[in-house]
Amino acid sequence: MTSPEPTLYRSPLKDFLRRFLRHRLIILGSIIILSLAVIALFGSKLAPYDPVAMNFAERFATPSLRHPFGTDEFGRDVFSRVLYGAAVSFKVAFIAVAISGTAGVFLGAVAGFFGRWLDEVIMRFMDILFAFPAVLLAITVMAILGRGVGNAMIAIAIVYAPIFARVTRGAVISVRGLEYVTAARALGQQDGFIIWRHVLPNAIGPIIVQTSLSLAFAILAEAALSFFGLGTQPPDPSWGRMLAEGRGFLQQAPWMGIFPGLAIMMSVMGFNFLGDGLRDLLDPRLKQVLSANR
Amino acid sequence: MSSRYLLQRLGSLLLVLFGVSILTFAIIPLIPGSPARVRLGVQATDETVAAVEKQLGLDRPLTTQYVDWLQGIVFRGDFGRSLINDKPISAEIARRLPATLVLAVAALLVGLLIALPAGIASALRPGGKLDLGVSVLSQIGVSIPDFWMGILLILVFAENLQWLPSSGFTSLNEDPADWLRHLILPAVTAGIISGSIMTRFTRSALLEVLHRDYVRTARAKGLTERVVVVKHVLRNAAISIATIIGLQLATLFSAVVVVEIIFSWPGLGSLALQSTLQRDYPVLQAAVLMSAMAFAVINLLTDLSYVLLDPSIDYA
Numbered sequence: 023m024t025s026p027e028p029t030l031y032r033s034p035l036k037d038f039l040r041r042f043l044r045h046r047l048i049i050l051g052s053i054i055i056l057s058l059a060v061i062a063l064f065g066s067k068l069a070p071y072d073p074v075a076m077n078f079a080e081r082f083a084t085p086s087l088r089h090p091f092g093t094d095e096f097g098r099d100v101f102s103r104v105l106y107g108a109a110v111s112f113k114v115a116f117i118a119v120a121i122s123g124t125a126g127v128f129l130g131a132v133a134g135f136f137g138r139w140l141d142e143v144i145m146r147f148m149d150i151l152f153a154f155p156a157v158l159l160a161i162t163v164m165a166i167l168g169r170g171v172g173n174a175m176i177a178i179a180i181v182y183a184p185i186f187a188r189v190t191r192g193a194v195i196s197v198r199g200l201e202y203v204t205a206a207r208a209l210g211q212q213d214g215f216i217i218w219r220h221v222l223p224n225a226i227g228p229i230i231v232q233t234s235l236s237l238a239f240a241i242l243a244e245a246a247l248s249f250f251g252l253g254t255q256p257p258d259p260s261w262g263r264m265l266a267e268g269r270g271f272l273q274q275a276p277w278m279g280i281f282p283g284l285a286i287m288m289s290v291m292g293f294n295f296l297g298d299g300l301r302d303l304l305d306p307r308l309k310q311v312l313s314a315n316r
Numbered sequence: 585m586s587s588r589y590l591l592q593r594l595g596s597l598l599l600v601l602f603g604v605s606i607l608t609f610a611i612i613p614l615i616p617g618s619p620a621r622v623r624l625g626v627q628a629t630d631e632t633v634a635a636v637e638k639q640l641g642l643d644r645p646l647t648t649q650y651v652d653w654l655q656g657i658v659f660r661g662d663f664g665r666s667l668i669n670d671k672p673i674s675a676e677i678a679r680r681l682p683a684t685l686v687l688a689v690a691a692l693l694v695g696l697l698i699a700l701p702a703g704i705a706s707a708l709r710p711g712g713k714l715d716l717g718v719s720v721l722s723q724i725g726v727s728i729p730d731f732w733m734g735i736l737l738i739l740v741f742a743e744n745l746q747w748l749p750s751s752g753f754t755s756l757n758e759d760p761a762d763w764l765r766h767l768i769l770p771a772v773t774a775g776i777i778s779g780s781i782m783t784r785f786t787r788s789a790l791l792e793v794l795h796r797d798y799v800r801t802a803r804a805k806g807l808t809e810r811v812v813v814v815k816h817v818l819r820n821a822a823i824s825i826a827t828i829i830g831l832q833l834a835t836l837f838s839a840v841v842v843v844e845i846i847f848s849w850p851g852l853g854s855l856a857l858q859s860t861l862q863r864d865y866p867v868l869q870a871a872v873l874m875s876a877m878a879f880a881v882i883n884l885l886t887d888l889s890y891v892l893l894d895p896s897i898d899y900a
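Those protein sequences? They're chains U and P, same order as listed. For the first sequence, this note's numbering begins at 23 and goes up steadily by one. For the second sequence, this note's numbering begins at 585 and goes up steadily by one.
Be a bit skeptical, because a hint or two may be false.
[What the hints assert, rightly or not] The following label-pair restraints were derived from C-beta to C-beta distances:
id	chain 1	residue 1	chain 2	residue 2	range
1	U	Lys113	P	Glu758	32 to 38 Å
2	P	Arg709	U	Thr124	42 to 48 Å
3	P	Leu693	U	Gln255	37 to 43 Å
4	P	Gly806	U	Ala120	58 to 64 Å
5	P	Ala675	U	Thr84	44 to 50 Å
6	U	Ala120	P	Thr629	43 to 49 Å
7	U	Glu142	P	Leu818	37 to 43 Å
8	P	Pro645	U	Leu284	52 to 58 Å
Honestly, the hints are just simulated from the structure, not real lab data. C-beta: ideal position from N, C-alpha, C; glycine also.
Please take these sequences and the hints and turn them into a complete structure.
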């Protein structure tokens with residue numbers, strides 16, 4: 023069956039995909055993230071050594087073919103630990119952003135769609151959470167919940183939920199007064215159905231952009247919390263923990279700190295590229311400004 | 585600026601701070617286990633713990649405790665005492681808040697020293713080699729974890745070259761030169777990230793102005809490029825750049841938390857982490873409350889400065 027493309031009509035999805043594939047920042051970001059995702063999924067099979075196996079005969083080995091990233095104070099292979107650490111970082115970041123996004127989008131959609139007192143109550147509460155410096159809020163939540171990876175996810179989710187709420191609320195407000203929403207209402211559809219079926223799909227652009235940027239923040243936040251000793255607990259390999267451990271041996275074995283840091287930076291950069299690129303693509307106003315400048 | 589707008593903003597600031605105080609107060613009741621046990625240690629009997637709880641007033645209803653706590657802070661600047669060393673917390677806060685502010689402002693200055701030249705240079709030749717280099721560097725600067733950069737700077741400038749101290753603090757009154765030496769690495773660590781963000785804003789603020797009609801007019805009437813840039817472009821871009829500076833100061837107030845911890849800088853952020861690790865919860869409450877207050881006030885001042893700087897914004 024052949025379906026020749028109509029000359030006048032171009033499917034928005036195909037159009038979007040075409041632009042997506044032409045955007046250099048997005049391509050670069052996607053490549054970085056996909057390779058890191060592969061490492062996160064299959065790192066345990068790719069790693070040449072057991073990440074927690076100690077080998078005192080080879081403590082502080084400099085990077086070589088045997089140990090590409092060197093070894094640490096217990097003779098553990100830093101390369102293997104960095105590969106395993108990817109899984110920890112990505113898991114924490116994705117779960118934290120999933121929780122944060124779900125809660126934030128729900129609250130923002132409800133606030134934006136219904137307005138009035140519900141909007142006031144929800145958004146004032148978000149303002150209060152916003153009033154805490156981000157890292158301090160995360161530390162405080164960890165103080166209440168206790169140390170550990172699971173609690174780090176909750177802490178990160180709480181810190182970033184208000185941003186999702188604001189972004190979603192703004193997008194929902196911009197479409198809720200449009201005619202097709204009024205039409206859906208006139209047809210007697212339920213509010214929840216209208217939000218899910220008609221409002222959110224048209225407000226999804228900013229939420230997608232925010233998701234990508236939040237993943238970058240979440241990777242950083244997980245690393246920071248683990249670096250402080252509040253997140254991932256030893257002996258599990260996590261990039262933040264490895265940095266903290268490497269810090270004590272800067273002179274002797276700088277590779278202990280350099281490679282996990284590079285890994286964090288690459289992941290953050292990947293999500294930032296993707297987020298910035300998507301914002302270019304999805305925000306028509308911004309695109310106009312950009313093409314006017316060209 | 586209309587006074588109604590000002591009152592409205594102050595009102596919402598107070599409302600937010602009220603909420604902040606409730607959440608901050610809630611830290612202790614939410615934490616499993618009694619603060620009295622932190623003070624006494626794990627070996628204490630239940631009777632002594634109960635006695636100390638009574639002495640600390642923890643047996644009273646939560647609302648009474650909250651009102652007392654807030655009144656002490658608002659009217660007497662009294663945050664209570666540390667569970668670990670029994671010293672008044674307010675003295676510690678008075679020492680640490682200025683240190684955090686100094687670091688944030690110093691980092692902002694470093695950031696501006698990077699952002700203004702880099703942003704202006706890349707905006708004047710968009711798409712050029714310099715522009716490309718600056719955008720790659722600022723992309724790296726935005727993505728680099730601050731604690732990692734702090735470690736790398738310590739490795740290079742403190743341990744290998746031994747030019748600067750790796751951590752700590754000297755008071756300005758004691759020895760200004762040493763104070764500055766301790767300030768440089770933390771300020772540069774926080775400043776590079778903030779500078780990378782501000783570089784992007786400076787670039788786009790300038791690019792926007794460069795395409796305005798009055799710039800074309802200025803060029804058309806034969807002004808030299810120098811005069812066009814300095815008198816027409818920079819002046820008009822200054823407003824949007826100034827607003828970014830305020831926003832960055834607020835962001836830095838949060839970002840320096842990590843930097844303080846790396847460099848053992850005695851600010852509110854390192855106090856918060858230290859008190860969390862020692863389970864000294866009243867100190868954590870005080871550090872968090874003061875940071876949130878300062879953060880909220882900086883945000884408000886930034887918003888108000890928009891209105892003062894840009895006559896075209898009018899929140900009547």
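Check your understanding: Against which earlier hints does the structure fall short, listed by number upward?
Key -> 1
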